[in-house]
Amino acid sequence: MNGKLGERVVRKDAFDKATGKAQYVADIRAKDMHYGIVVRSPHHAAKILKIESDSALAVDGVVAVLTSEDIPGEITYGALIQDQPALAHKVVRHIGEPVAVVVAKTKRAAQKAKTLIEVTYEPLPSIQDPVEALEEGAPKVQSGGNLITEYHICDGNLETGFAEADVIIEDKFRVQRISPGYLEPESSLAEYKEDGSLKVWVSSQEPFEDQHTIARVLGIDIEKVHVKSAVIGGAFGGKEDPELQVLAALCAWKCNANVQMVNTRYESFVGHPKRHPAQFQYRVGVQRKSGKIVALEATAYVDTGAYASYGPAVAGILTETMAGAYHIPNVKVDTYVALTNSPLSGAMRGFGAPQSHFAIESLIDVIADKIGMDPLMVREKNILKPGNKLFTKVPLDETALALPICIEKSKEARERLSGIQAPPGKIAGVGMALAMQSMGLGAKIIDTSSHRLEWLPDGRVRIYLGAPDLGQGLATAAEQMAAEALEMPYESIETVFVDTNLTPNGGVTCASRMTYMTGNAVIRAAEKMKKDLLDDAARLLDVDIQSLEYRDGEVLKNDGTRIAVGEITSRLAEEGKAIIEESSFTFPYPEEKTPDHLPIGMPHVMFVFAANVARVEVDLDLGTVEVTHLSTVNDVGKVINRLGVEGQIEGGAATGLGYALYEDVALKDNGQWVDSFTEYLLATTKDMPEIESTVLEIPEASGPFGVKGVGEIVLVPTAPAIANAVFNATGVRVNQLPISPEAILEGIALKKY
Amino acid sequence: MQKLSITLTLNGENVTVDCVANQTLLDVLRDELGLTGVKDACGGEGECGACTVIMNGKAVNSCMVFAGQADGAEIETIEGLAKGNDLHILQKAFMETGAIQCGFCTPGAIMSAKALLDHNPDPSEGEIKEALSGNLCRCTGYKKMIAAVQLAARGGKADER
Amino acid sequence: MINELNYVTPAGLDDAYSLLKAEHFWPLAGATDLIPQMRRMELPVETLVDISCLPELSSIRLNQTNLEIGALCTHGELVESKFLQENAVSLVEAAASIGCQQTRNRGTLGGNIANASPAADTIPPLLTFDAVVHLGSQQGKRTMRLSDLLIGPGKTAIEAGELIEWISFVPLKGHGLAFLKLGKRNGMSISIGSVAVAIALDKSGVINDARIAMGSVAPTAVRCNTAEAVLLGEIPCAELYDKAGEVLVDDISPIDDVRASANYRRITASALVKQALSIAEGRIQ
Chain U
5 MNGKLGERVV RKDAFDKATG KAQYVADIRA KDMHYGIVVR SPHHAAKILK IESDSALAVD
65 GVVAVLTSED IPGEITYGAL IQDQPALAHK VVRHIGEPVA VVVAKTKRAA QKAKTLIEVT
125 YEPLPSIQDP VEALEEGAPK VQSGGNLITE YHICDGNLET GFAEADVIIE DKFRVQRISP
185 GYLEPESSLA EYKEDGSLKV WVSSQEPFED QHTIARVLGI DIEKVHVKSA VIGGAFGGKE
245 DPELQVLAAL CAWKCNANVQ MVNTRYESFV GHPKRHPAQF QYRVGVQRKS GKIVALEATA
305 YVDTGAYASY GPAVAGILTE TMAGAYHIPN VKVDTYVALT NSPLSGAMRG FGAPQSHFAI
365 ESLIDVIADK IGMDPLMVRE KNILKPGNKL FTKVPLDETA LALPICIEKS KEARERLSGI
425 QAPPGKIAGV GMALAMQSMG LGAKIIDTSS HRLEWLPDGR VRIYLGAPDL GQGLATAAEQ
485 MAAEALEMPY ESIETVFVDT NLTPNGGVTC ASRMTYMTGN AVIRAAEKMK KDLLDDAARL
545 LDVDIQSLEY RDGEVLKNDG TRIAVGEITS RLAEEGKAII EESSFTFPYP EEKTPDHLPI
605 GMPHVMFVFA ANVARVEVDL DLGTVEVTHL STVNDVGKVI NRLGVEGQIE GGAATGLGYA
665 LYEDVALKDN GQWVDSFTEY LLATTKDMPE IESTVLEIPE ASGPFGVKGV GEIVLVPTAP
725 AIANAVFNAT GVRVNQLPIS PEAILEGIAL KKY
Chain R
195 MQKLSITLTL NGENVTVDCV ANQTLLDVLR DELGLTGVKD ACGGEGECGA CTVIMNGKAV
255 NSCMVFAGQA DGAEIETIEG LAKGNDLHIL QKAFMETGAI QCGFCTPGAI MSAKALLDHN
315 PDPSEGEIKE ALSGNLCRCT GYKKMIAAVQ LAARGGKADE R
Chain H
-17 MINELNYVTP AGLDDAYSLL KAEHFWPLAG ATDLIPQMRR MELPVETLVD ISCLPELSSI
43 RLNQTNLEIG ALCTHGELVE SKFLQENAVS LVEAAASIGC QQTRNRGTLG GNIANASPAA
103 DTIPPLLTFD AVVHLGSQQG KRTMRLSDLL IGPGKTAIEA GELIEWISFV PLKGHGLAFL
163 KLGKRNGMSI SIGSVAVAIA LDKSGVINDA RIAMGSVAPT AVRCNTAEAV LLGEIPCAEL
223 YDKAGEVLVD DISPIDDVRA SANYRRITAS ALVKQALSIA EGRIQ
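Protein chains in written order, with the numbering used here: chain U, 5 to 757; chain R, 195 to 355; chain H, -17 to 267.
One thing to keep in mind: the hints can contain errors.
Stated by the list, open to error - Lysine-lysine pairs mimicking PhoX-like chemistry, simulated, CA-CA at most 25 Å apart:
id, chain 1, residue 1, chain 2, residue 2
1, U, K203, U, K232
2, U, K25, R, K277
3, U, K690, R, K277
As the list claims (entries may be wrong) - Here are some chain H residues the structure puts well away from chain U; computed CB gaps all over 10 Å:
id, residue
4, M(-17)
5, E28
6, L44
7, K166
8, C219
Treat the hints as calculated values from the structure; they're not laboratory data. Positions of the beta carbon are idealized from the N, C-alpha and C atoms, including for glycine.
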């Protein structure tokens, strides 16, 4: 198999990464490179009365101090709502908001000058809770109301549904703000070229969007902005925000200099998007004997921080998944997205599903407990089947067959894990959660991904990859799929990373869809390439095209002669020609699957499914939770790189673990946010459970080789599985993340009375 | 600002470099010597291990060493592991096991692992976890990193168990 | 960012003392607490006096009955010391629990004490050993009980120009020792409660010596005298340890912070003491 599909493939970029040669933005050196450092708001909300930069400008080596007054074009940008100023304009709305940028010839000068900039603020009242932010009299975060988006989706008849229930359960859930936590802080290098154009290096999920945003903020033609992707040190959604590339470009433009900007970890915490915190209220009606959920009513409050960022879109997926992977006939969900004076909440891996699943998957176990049924049985009784419609009225296809398999595998895992004895002083429990993650940006959003293939003179193939590889291995997957489609060895494929001058626009790498989209585009391009090859071969060999066949990198003549591709392509090169094909793939929203009644960006119509079973040991005296085992089932449609899929599962588990137990960008008593790795705790090697993975391959009909998207779902069931395991162990239901040992001890103590 | 001139034995070679007193070894490596394998991921607080180098035989966070303290020291960085295209066994193992995704934590993790194997060529899984516990990673979940160190400890041979 | 500063390497200990007399001259050893604090602009350091290589302060030795540990011994060196493993295992366990290998290869015992975080891990075991701190300056030498040296969070009785040279104690004979630490995760764990215990039994199996010290539950690490008193003269058993855990509340004064609430610290302090006593009992020779 040419593309080594399903095998454990070593990534080509691993060499540079293992040797320290890989160039991330902060590693790139430009000529006479200047440094930009951001002055950020220390207040949750304040008027900017004055910015004094004279002392800063007097520092030797400082060339400029820029504020919003210096922005030539549009001051604000935003993926969905254009409300986010590149530099704060007259008012600051969260701690960490950029107020000014110092540009200097050396880092030292820039750092020194930063301390000399005096900003006079008049603090304003501020609000941090999204529910309170929507109450009458709450301080306004922006000039309009704090409610920026709301969704109301109904299906069936709630009243009838509740009337049919013999058990009604109400519960509340709450999830915290977490950081994408990529190890590479945000960075950008903008080079000012002699011809007056800018070449901007980015660590970004959306280089083409960055190009547009930069052009708009600078008020210049897009042709003057060339954006190039450096090696990216992780993104997880957090690098869909163009803050630094816009500022670096602004500095380069205004100072006619090459300017590098790199965030410190503190700045990454306060300045860059986080996962949306949310609060949920649920009311469900259940039939005790059958275990069927007949009615579900839920409300969600989503905190998007001081600016919209991806709030409306995250809230969309959150809303669509609030009823989980279950077929519930009567549903009403209401979601409210509120502005608060907090650091931005934006895109982060899972994009609303981790939040909603903590709620619904915990609730299933609450239901099971109340009606005295095995929680896996409750799931079995309610899961969606092919042909069922979600409450968004989207029908599910055969890929929903992953769900009962997930439950079966979970039963086996639960059996095994339940047999392990807890050590003295600890109590063990096993819990499970299902997950459903959407692929794609949502209906009515044009989502096209373009990539180009070129057959090089020596017969190797070059992919001009239009979307960034975030580190997850998109390039490797693209190379494997191209190799497979072109029947060429995987080793003969190379990739050019996203470059607005060189590659087509592949779209934003996000939403569990880029391998799927890229693969489809590459397969189409490959088909065209093979046809072009035969056309050219027929001409060069002066034979009828009908007498030629292409197989495994060779053109076969009907007389048995075999001609290597390289022979054809080298002859073409002599003629000044090459075989190049660009192809696009648009994410499909087939009419029969895509109801029309929902707001833009909804519904999603393609889903992936997974389950986690977690075994925990709880220390009865300390309340501490150790996750000893995590058994995972993920349906990926088709494994392209097995190492890549396993890596996503294992990495996702670490993030899910952190969400469940350790991570919290909390507001401290001193009014500051948790803003360093000292207090923001990622899982370390010593915290990880033993992970076992079952990978299902139920092909997605529209997917390249059957591929679906695994990047996000891998962490969605983890936190609720852990919460359910804690309940199984202790009888204590913790409905808030991160699960605190104190809450467990309180719960245990309450149970004793 | 006080200027310093420090001499390191850097990846086996004597190197003298001009720097200033408030620079750390991380700053010197990246900004003065152009060795960008070490990374600043946590703001120089010693919380993430992405800047790990081996100093006088021990793994240290280079962001926690002042430049002057490195004078006279033997420093090993990721750039010194390979001999041309001949990779160190740990580098090969990290690549082979799929322990590298975004790669930002990789140089630090490999140096921590090397420090371990240099002292303890046959470490237990617990010892590997302990040695790598100061190297944060957001991509991999660590499982393949641990497998990589085990593979390297076995001389790159498949596990016959 | 670290402010501009100067860096000097003293020729020896005496030279170091001469330099440290000046204002804003700061001793530099492992830097693992110093650098983060300097980055947060918390320290008025103008000149760093690098004492990290002074050989006089880097050894572990037995001086008649006294075990003397040089202030510049790193936590990694404490962990690897066979002598400490055999005679002061709770100190070894505490040192091993600090940070990660990178931190332990640089951070020093003297630094851990002088920084005087309420969460400092090496201090509780040293308090159970009634450790004495040997200080030096240009004025001369003096000693102080470790318990007297600690004044408050980040505050000690170390005077300007003074350095910790040695920490000494008489290793406890026949005692069972244990150290436990509670953190929010297993790796790179910052203590939200730590306990060091040492207990010994007389020939009839009755506790004739009990020492309990805790970290992260008071402005400084503290000996828990009320809990110790309850154990003396009694036969060890779970109920006795429960009692010690209950009266412990009189010995500690935990606070709320981002890591844990005072209430949680109180509850878990009792649990940690009970667990540690149990382990220590099992280690009595």
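(message) Need the status of pair K690(U), K277(R): alpha-carbon distance at most 25 Å?
(response) violated, 32 Å
(request) With 10 Å as the threshold, tell me whether E28(H) passes as away from chain U on beta-carbon distances. (result) Its Cβ never comes within 10 Å of chain U, the nearest being 15 Å, so this holds.
(request) Classify the label on M(-17)(H) as holds or violated, using whether its beta-carbon is more than 10 Å from each beta-carbon of chain U. (result) violated, 4 Å
(request) Please settle this one: C219(H) was flagged as non-interface, so is its CB more than 10 Å from every CB on chain U? (result) Per Cβ check, C219(H) is outside 10 Å of chain U; nearest 16 Å; holds.
(message) So K166(H) supposedly isn't at the interface. Is its beta-carbon more than 10 Å from every beta-carbon in chain U?
(response) The claim breaks: K166(H) does not keep its Cβ more than 10 Å from every Cβ of chain U (closest is about 6 Å).
(message) With the threshold set at 25 Å, check whether the alpha-carbon distance from K203(U) to K232(U) stays at or below it.
(response) Holds: K203(U) and K232(U) sit about 7 Å apart, inside 25 Å.
(message) K25(U) and K277(R) were given as a pair; does the straight-line alpha-carbon distance stay at or below 25 Å?
(response) Roughly 14 Å separates the two Cα atoms, so the pair holds.
(request) Report holds if the minimum CB distance from L44(H) to chain U is greater than 10 Å, and violated otherwise. (result) Holds: least Cβ distance 34 Å, greater than 10 Å.
In this structure, the earlier hints numbered 3, 4, 7 are contradicted, and the remaining ones agree with it.
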